[in-house]
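Novice: One line per chain: the protein sequences are A and B, in this order. The opening residue of the first sequence carries number 1 in the numbering used here; numbering runs sequentially from there. The opening residue of the second sequence carries number 1 in the numbering used here; numbering runs sequentially from there.
Hints in this document: simulated from the structure, not taken from any laboratory. Fair warning: this is a prediction, and the values are worked out from it, not measured in the lab. Wrong hints could be hidden among the right ones.
What the hints assert, rightly or not - Some chain B residues near chain A, calculated using beta-carbon distances under 10 Å:
(1) 41
(2) 53
(3) 82
(4) 87
(5) 89
(6) 142
(7) 150
C-beta atoms are modelled at their ideal positions from N, C-alpha and C, and glycine is treated no differently.
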Amino acid sequence: MNRFELLNLLQQTIENELVICNIGLPSQELYKINDRPNYFYMLGSMGLASSIGLGLSLSIDKNVISIDGDGSVLMNMNTLATIGNRAPSNYTLLIVDNGSYGSTGDQKTFTNESTSLKNVAIGSGCKNVIECSGEETNENLQKALADKNNSYVIISKIKSGNVPIKPIPLNAVTIRDRFRKEIGLVSYL
Amino acid sequence: MKISQKIITNLKSGGADFFLSVPCKLLANMITILENDKEIYYSAIPREEEGMGICAGAYLGNKLPCIMMQNTGIGNSVNSIVSLLQLYQIPVVFLISYRGTPGEPVGAQGGMGSVTEDILNTLRIPMLHCNIEEDLDKISTFTNHAKVIESPVAVLFNFNLMEDD
Chain A
1 MNRFELLNLL QQTIENELVI CNIGLPSQEL YKINDRPNYF YMLGSMGLAS
51 SIGLGLSLSI DKNVISIDGD GSVLMNMNTL ATIGNRAPSN YTLLIVDNGS
101 YGSTGDQKTF TNESTSLKNV AIGSGCKNVI ECSGEETNEN LQKALADKNN
151 SYVIISKIKS GNVPIKPIPL NAVTIRDRFR KEIGLVSYL
Chain B
1 MKISQKIITN LKSGGADFFL SVPCKLLANM ITILENDKEI YYSAIPREEE
51 GMGICAGAYL GNKLPCIMMQ NTGIGNSVNS IVSLLQLYQI PVVFLISYRG
101 TPGEPVGAQG GMGSVTEDIL NTLRIPMLHC NIEEDLDKIS TFTNHAKVIE
151 SPVAVLFNFN LMEDD
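Let's have the full structure, built from the sequences with the hints guiding it.
Specialist: Right, here's the structure in full:
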């Protein structure tokens, strides 16, 4: 299973949860699969999907899912320590770990060699750290969303590889405003 | 504590209700105040760039965030400011301890001290300089200004000011 197939599969689980999606191909693929206003697509600032989702989950009660990548977490590794100490129960970090910098030409990341993000997350204090296959991701995500008392970090181990795709034709403020409308904060759209 | 208390009071009256900090000894009293304040969210975090992401999320969730840091933190955060906060028009108040200003005992702080305003000018981020206690009264309006213009703003307070804290 590659990332496109995994993101497609996740549509069975994700309903009105607020999703912060990683920059580049993950966001472009998600947009192509099933564009929704409760999807916040990152257009810049690689590494910060987990952090944006964390800040959002600390500010509202709804379930928040950050869909991140192994390369992006490696770029902002301190995020796991902050999540381990501060993540509220409505927060889930889903790391799509394909061992590859997919958006820049599939160069291998360190998770393809010696680094285990599962072990880093556990060592950083994260609770409920689950490493699973792509096929097992939906059931684990459902478990995380249903649990009202705990945050989760799910690391979905999949194959690298991308599909031909175009940039997202939405500008940043449009993404922001329709997302905030989903939360009930914008009334003029 | 009087300077620190005045800064926090003005940030809050301007609407800030979500605070993060990356430590600086000039921020120590403010951090103590925030740790005991039940009206707002406060957390320390490990790195400023990460904080820009957390602030962006907090704004999406209807908070007005403030990140407290040394001016060195601006150097750690340039891409996240431009490609996240400014791209999506997200207001965040940067409360910056302006190391390297007169009174600074650590010579190595002079480097970032000398380029901080140039960086903020290049980024077109409005600045409020607090050099004397009376300047602190402007923080409230300036904080609200971030929300009005949907942009990050920077409040810089210098070393000497905190000697009266």
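Novice: None of the hints should be skipped; say for each whether it holds.
Specialist: Against the structure, the hints come out as follows:
Taking 10 Å as the C-beta cut-off, the interface hint given for residue 41(B) holds, the closest approach to chain A being about 6 Å. This hint holds: residue 53(B) has a C-beta 3 Å from the nearest C-beta of chain A, less than the 10 Å allowed. Taking 10 Å as the C-beta cut-off, the interface hint given for residue 82(B) holds, the closest approach to chain A being about 8 Å. Taking 10 Å as the C-beta cut-off, the interface hint given for residue 87(B) holds, the closest approach to chain A being about 5 Å.
Annotation: interface hint on residue 89(B) holds; nearest CB of chain A at approximately 6 Å, less than 10 Å. This hint is violated: residue 142(B) has a C-beta 22 Å from the nearest C-beta of chain A, more than the 10 Å allowed. The beta carbon of residue 150(B) comes within 9 Å of a beta carbon in chain A, closer than 10 Å, and the hint placing it at the interface holds.
Going down the numbered hints, you'll see the structure goes against just number 6.
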